[in-house]
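J.: Sequences listed follow chains A and B, in order.
Read the first sequence against my numbering and you will find it ends at 371, with the numbers running on by one and no gaps.
Read the second sequence against my numbering and you will find it ends at 215, with the numbers running on by one and no gaps.
None of these hints come from the bench; they were simulated from the model.
All of these numbers come straight from a predicted model, not from anything done at the bench.
One thing to keep in mind: the hints can contain errors.
With a straight-line Cα cutoff of 20 angstroms, these simulated SDA-like cross-link-like pairs (lysine to any residue) come out [stated by the list, open to error]:
(1) B:Lys117 - B:Asp157
(2) A:Lys105 - B:Lys211
(3) B:Lys211 - A:Val324
(4) A:Lys323 - B:Lys197
(5) A:Lys266 - A:Lys333
(6) B:Lys208 - A:Arg138
(7) A:Lys323 - B:His173
(8) B:Lys210 - A:Arg96
(9) A:Lys333 - B:Thr135
(10) A:Lys185 - B:Asn195
(11) B:Lys162 - A:Lys50
(12) B:Lys177 - B:Ser114
(13) A:Lys133 - B:Trp214
(14) A:Lys320 - B:Trp194
(15) A:Lys313 - B:Leu203
(16) A:Lys287 - B:Glu124
(17) A:Lys333 - B:Phe185
(18) B:Lys208 - A:Leu135
(19) B:Lys208 - A:Glu90
(20) A:Lys333 - B:Glu123
(21) B:Lys197 - A:Val110
(22) B:Lys210 - A:Leu184
(23) A:Lys323 - B:Val146
(24) A:Lys50 - A:Leu184
(25) A:Lys133 - B:Lys117
(26) A:Lys284 - B:Asn207
(27) B:Lys162 - A:Asn94
(28) A:Lys320 - B:Tyr139
(29) A:Lys133 - B:Val163
(30) B:Lys182 - A:Glu327
(31) B:Lys117 - A:Val110
(32) A:Lys149 - B:Ser114
(33) A:Lys133 - A:Arg96
(34) B:Lys197 - A:Leu184
(35) A:Lys105 - B:Leu203
(36) A:Lys196 - B:Val163
(37) B:Lys208 - A:Asp119
(38) B:Lys213 - A:Asn94
(39) B:Lys208 - A:Arg144
Okay, here's what each chain looks like letter by letter:
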Amino acid sequence: MGLTRFKPAKDDLEVLFFGGSNGYGECILIHLGNDNWVCIDSILNPHTKVPVALEYLNSIGVNPAENLVLVIATHWHDDHIKGLGDIVEIAVNARFACSGALAKDEFFVLLGLGEQIDSPNSGINEMERIHKLLFNRDATITRSVVDKVLYRLVYGNLEVRLTALSPSDRAMNVFNEELQELLKDIDSPNTAIRKINPNYSSVVLSIEAGINKIVLGADLEINNDIQMGWAAVLNSQMCPDTILIIKCAHHGSENGHDESFWTQKLLHPPIVTLTPYARGRTKIPKIDDIKRILSFTSEAYITSDIAALRSKKSNRAAKVTKVIEELGYSVKERVYKPGIVAMRKNVFDQEVRNWKITLEGSARVLVPEP
Amino acid sequence: MISLSINDKDRDHSSLIPYVEKIILDRMFEQEDVNKVLEESPSLFMSIEVSRSSEIDKNSTINIYKSSVKDLANSQPLMKGLNLIPNNKTKHVYSFRSLQKWEGVIEEIYADCFIARLTDLTYGGADEEVELQLSEINQEDMNLLKVGAIFYWSIGHELSKGQMRKISFIRFRRLPPWNPKQWDQALDLTNKYKKIKWD
Numbered sequence: 002m003g004l005t006r007f008k009p010a011k012d013d014l015e016v017l018f019f020g021g022s023n024g025y026g027e028c029i030l031i032h033l034g035n036d037n038w039v040c041i042d043s044i045l046n047p048h049t050k051v052p053v054a055l056e057y058l059n060s061i062g063v064n065p066a067e068n069l070v071l072v073i074a075t076h077w078h079d080d081h082i083k084g085l086g087d088i089v090e091i092a093v094n095a096r097f098a099c100s101g102a103l104a105k106d107e108f109f110v111l112l113g114l115g116e117q118i119d120s121p122n123s124g125i126n127e128m129e130r131i132h133k134l135l136f137n138r139d140a141t142i143t144r145s146v147v148d149k150v151l152y153r154l155v156y157g158n159l160e161v162r163l164t165a166l167s168p169s170d171r172a173m174n175v176f177n178e179e180l181q182e183l184l185k186d187i188d189s190p191n192t193a194i195r196k197i198n199p200n201y202s203s204v205v206l207s208i209e210a211g212i213n214k215i216v217l218g219a220d221l222e223i224n225n226d227i228q229m230g231w232a233a234v235l236n237s238q239m240c241p242d243t244i245l246i247i248k249c250a251h252h253g254s255e256n257g258h259d260e261s262f263w264t265q266k267l268l269h270p271p272i273v274t275l276t277p278y279a280r281g282r283t284k285i286p287k288i289d290d291i292k293r294i295l296s297f298t299s300e301a302y303i304t305s306d307i308a309a310l311r312s313k314k315s316n317r318a319a320k321v322t323k324v325i326e327e328l329g330y331s332v333k334e335r336v337y338k339p340g341i342v343a344m345r346k347n348v349f350d351q352e353v354r355n356w357k358i359t360l361e362g363s364a365r366v367l368v369p370e371p
Numbered sequence: 017m018i019s020l021s022i023n024d025k026d027r028d029h030s031s032l033i034p035y036v037e038k039i040i041l042d043r044m045f046e047q048e049d050v051n052k053v054l055e056e057s058p059s060l061f062m063s064i065e066v067s068r069s070s071e072i073d074k075n076s077t078i079n080i081y082k083s084s085v086k087d088l089a090n091s092q093p094l095m096k097g098l099n100l101i102p103n104n105k106t107k108h109v110y111s112f113r114s115l116q117k118w119e120g121v122i123e124e125i126y127a128d129c130f131i132a133r134l135t136d137l138t139y140g141g142a143d144e145e146v147e148l149q150l151s152e153i154n155q156e157d158m159n160l161l162k163v164g165a166i167f168y169w170s171i172g173h174e175l176s177k178g179q180m181r182k183i184s185f186i187r188f189r190r191l192p193p194w195n196p197k198q199w200d201q202a203l204d205l206t207n208k209y210k211k212i213k214w215d
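Looking at chain A on its own, in the form it has when it is part of the complex:
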């Protein structure tokens, strides 16, 4: 099923979920209305070296420099923000927002050390680049914390609102303690800066436009502490009710799923989307994750194949591939198979489920694994 790419109408609410398989990441573009666009996270096309968000906007004739109003990094893992610096660089009129947990000296020290480690695919290097751009521009970073409205747009008699539902104060404190521990472990430039898991600094977002309610789960995980994770989101002041569309947290994994949130806050059946993750032997969603999601709804979409590995890299000389094989190594290309799940609706349409959903590339309906 192909996506006919065209600019949304001024009163269309559109959400585009991008995925790249194999842990290439996820990215979300939102048209809030009146040519106001928001970009959340980023995937870098490994072949063109252009962020997919910019490729998409260019393909529909939208100028990111004029129309991107907000760029958000939900957290600093490289599978979420690769190429985000390019977007920040071009989107000169956009504000930049990231987790309030990162507004700490310890994180800035991490940026400084990361700059010297200079490892490819490093989320820290991407964040350092973004900070450099913002410093040179004398720009202000919008702190994303629980219950903070990041963007508000009013047209007609309708308000469209983008709100952060995390991190909580407690989550930020815990994250900072873990950051301090991480810094103690970095004794030399020989190791790429490891991710902090579980991710307490991740920014969950809600979009509300009249009767339309959407939640984007980022990589937030569950926690026994009610002041952390999804329990804190459930108890936040600004968390909407009757949410129809949800982007699963943490690639649909069980530690991103809060049963209370799903049963109490979502319309039933919801519309679900998710972006998979695969690196090494870690592949999510697992079969049980898919079963769980499909127990809530049959209207679920996945942006791309979970993993796609190719044993012969397409742009490598055949004789070199032969030598690698003769030496007994199996080097597999992490094939980049992009997909888009696009959801569009006239924001004034009072029929809550009247969304037009189209799929592009390797995006598909989520079905039980055979």
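Once you've looked at the hints, dock chain B against the given chain A.
T.: This is chain B only, laid out in the frame that chain A set:
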């Protein structure tokens, strides 16, 4: 004469050492270069000259005016199990021609193997992944084996004593622990980014 150029006299270049080594691995052991070195006096020493510039990137090159292969052999463990040219009495030609190089980051470690994400330094493009046996790693590198460790992996043809064979070697990044100057540089950036306003 090998000629590469790098810049910035005042900065600490220890972080460049792995790149220097990579370039030396690529270049020093090409046959024509080895022959040139052999023709000169073996008492020559390596020097790396740098000059001021605004920016260093890892693709920068290095001026090597003179070099002693013997000194190289004693300075760093460049390759596993290979004898470098020992003295000027023996015209012992050695060369390695690299076919493929990656920079790898270890993602998962298991009892007998590890999985790494590879960035293709030769052909570019999409990332790759590989599962390598722990036996591929030198004993002296085993203490460097941890999630996030950065290594360089080269595959190519080795010519030694007239015999050609395919070889593979893995070398972990072995920079020294942070020195005060590097911490200062990190803290300079910290202080700079602290000035960014948050709302």
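J.: So, for every hint listed, does it hold in this structure?
T.: Right, here's what the structure says about each hint:
Between Lys117 of chain B and Asp157 of chain B, the direct Cα distance comes to roughly 19 angstroms. Compliance with the 20 angstroms bound is thereby established for this hinted pair. Distance restraint check for Lys105 of chain A and Lys211 of chain B: the Cα-Cα separation of roughly 12 angstroms lies within the 20 angstroms cut-off, and the hinted pair is therefore satisfied. For the given pair, Lys211 of chain B sits about 52 angstroms from Val324 of chain A by alpha-carbon distance, which is inconsistent with the 20 angstroms threshold. For the proposed pair Lys323 of chain A and Lys197 of chain B, the alpha carbon gap of about 45 angstroms is over 20 angstroms, so the pair is violated.
This hinted pair does not check out: Lys266 of chain A and Lys333 of chain A have alpha carbons roughly 42 angstroms apart, beyond 20 angstroms. Distance restraint check for Lys208 of chain B and Arg138 of chain A: the Cα-Cα separation of roughly 13 angstroms lies within the 20 angstroms cut-off, and the hinted pair is therefore satisfied. Proposed proximity of Lys323 of chain A and His173 of chain B is supported: the alpha carbons are some 13 angstroms apart, at most 20 angstroms. Only pairs whose Cα atoms come within 20 angstroms are accepted, and Lys210 of chain B paired with Arg96 of chain A is accepted, the gap being roughly 18 angstroms.
About 12 angstroms separates the Cα atoms of Lys333 of chain A and Thr135 of chain B, which keeps this hinted pair within 20 angstroms; it holds. Restraint check: the Cα-Cα separation between Lys185 of chain A and Asn195 of chain B comes to about 15 angstroms, which is no more than 20 angstroms; the hinted pair holds. With a CA separation close to 29 angstroms, the supplied pair Lys162 of chain B and Lys50 of chain A exceeds the 20 angstroms bound. Distance hint between Lys177 of chain B and Ser114 of chain B is fulfilled; the C-alpha atoms sit about 18 angstroms from each other, no more than 20 angstroms.
Distance restraint check for Lys133 of chain A and Trp214 of chain B: the Cα-Cα separation of roughly 14 angstroms lies within the 20 angstroms cut-off, and the hinted pair is therefore satisfied. Taking the CA atoms of Lys320 of chain A and Trp194 of chain B, the gap is about 41 angstroms. The hint is violated against a cut of 20 angstroms. The hinted pair formed by Lys313 of chain A and Leu203 of chain B fails the criterion: a straight-line CA distance of about 44 angstroms is larger than 20 angstroms. The straight-line distance between the Cα atoms of Lys287 of chain A and Glu124 of chain B is roughly 18 angstroms, inside the 20 angstroms bound, and the hint therefore holds.
Simply put, Lys333 of chain A and Phe185 of chain B have alpha-carbon atoms about 18 angstroms apart, close enough for the 20 angstroms limit, and the pair holds. At roughly 11 angstroms between alpha-carbon atoms, Lys208 of chain B and Leu135 of chain A fall within 20 angstroms of each other, so this suggested pair holds. Between Lys208 of chain B and Glu90 of chain A, the direct Cα distance comes to roughly 19 angstroms. Compliance with the 20 angstroms bound is thereby established for this hinted pair. The suggested pairing of Lys333 of chain A with Glu123 of chain B holds, with an alpha-carbon distance near 15 angstroms, which does not exceed 20 angstroms.
For the hint linking Lys197 of chain B to Val110 of chain A, the alpha-carbon distance of about 14 angstroms falls within 20 angstroms, and the restraint holds. A threshold of 20 angstroms between alpha carbons decides the hint, and for Lys210 of chain B with Leu184 of chain A the separation of about 17 angstroms falls inside it, so the pair holds. Annotation: proposed proximity of Lys323 of chain A to Val146 of chain B holds, straight-line Cα distance about 16 angstroms (limit 20 angstroms). Only pairs whose Cα atoms come within 20 angstroms are accepted, and Lys50 of chain A paired with Leu184 of chain A is rejected, the gap being roughly 31 angstroms.
Between Lys133 of chain A and Lys117 of chain B, the direct Cα distance comes to roughly 31 angstroms. Violation of the 20 angstroms bound is thereby established for this hinted pair. Distance check on the hinted pair: Lys284 of chain A and Asn207 of chain B sit about 39 angstroms apart at the alpha-carbon level, beyond 20 angstroms; violated. A C-alpha spacing of about 42 angstroms is found between Lys162 of chain B and Asn94 of chain A, which places the hinted pair above 20 angstroms, so the restraint is violated. Note on Lys320 of chain A and Tyr139 of chain B: the hinted pairing holds, with a Cα-Cα distance of about 13 angstroms set against a maximum of 20 angstroms.
Between Lys133 of chain A and Val163 of chain B, the direct Cα distance comes to roughly 28 angstroms. Violation of the 20 angstroms bound is thereby established for this hinted pair. Distance restraint check for Lys182 of chain B and Glu327 of chain A: the Cα-Cα separation of roughly 9 angstroms lies within the 20 angstroms cut-off, and the hinted pair is therefore satisfied. The suggested pairing of Lys117 of chain B with Val110 of chain A is violated, with an alpha-carbon distance near 31 angstroms, which exceeds 20 angstroms. In summary, the hint linking Lys149 of chain A to Ser114 of chain B is not supported, as the alpha carbons are separated by about 54 angstroms, beyond the 20 angstroms threshold.
For the proposed pair Lys133 of chain A and Arg96 of chain A, the alpha carbon gap of about 15 angstroms is at most 20 angstroms, so the pair holds. Only pairs whose Cα atoms come within 20 angstroms are accepted, and Lys197 of chain B paired with Leu184 of chain A is accepted, the gap being roughly 17 angstroms. The hinted pair formed by Lys105 of chain A and Leu203 of chain B meets the criterion: a straight-line CA distance of about 13 angstroms does not exceed 20 angstroms. Between the alpha carbons of Lys196 of chain A and Val163 of chain B the distance comes to roughly 10 angstroms, so the proposed pair stays at or under 20 angstroms and holds.
A distance of roughly 19 angstroms separates the Cα atoms of Lys208 of chain B and Asp119 of chain A; the hinted pair therefore holds under the 20 angstroms criterion. Taking the CA atoms of Lys213 of chain B and Asn94 of chain A, the gap is near 16 angstroms; set against the 20 angstroms cutoff, the hint holds. Of the pairs offered as hints, the one joining Lys208 of chain B and Arg144 of chain A holds, with about 18 angstroms between alpha carbons and a cut-off of 20 angstroms not exceeded.
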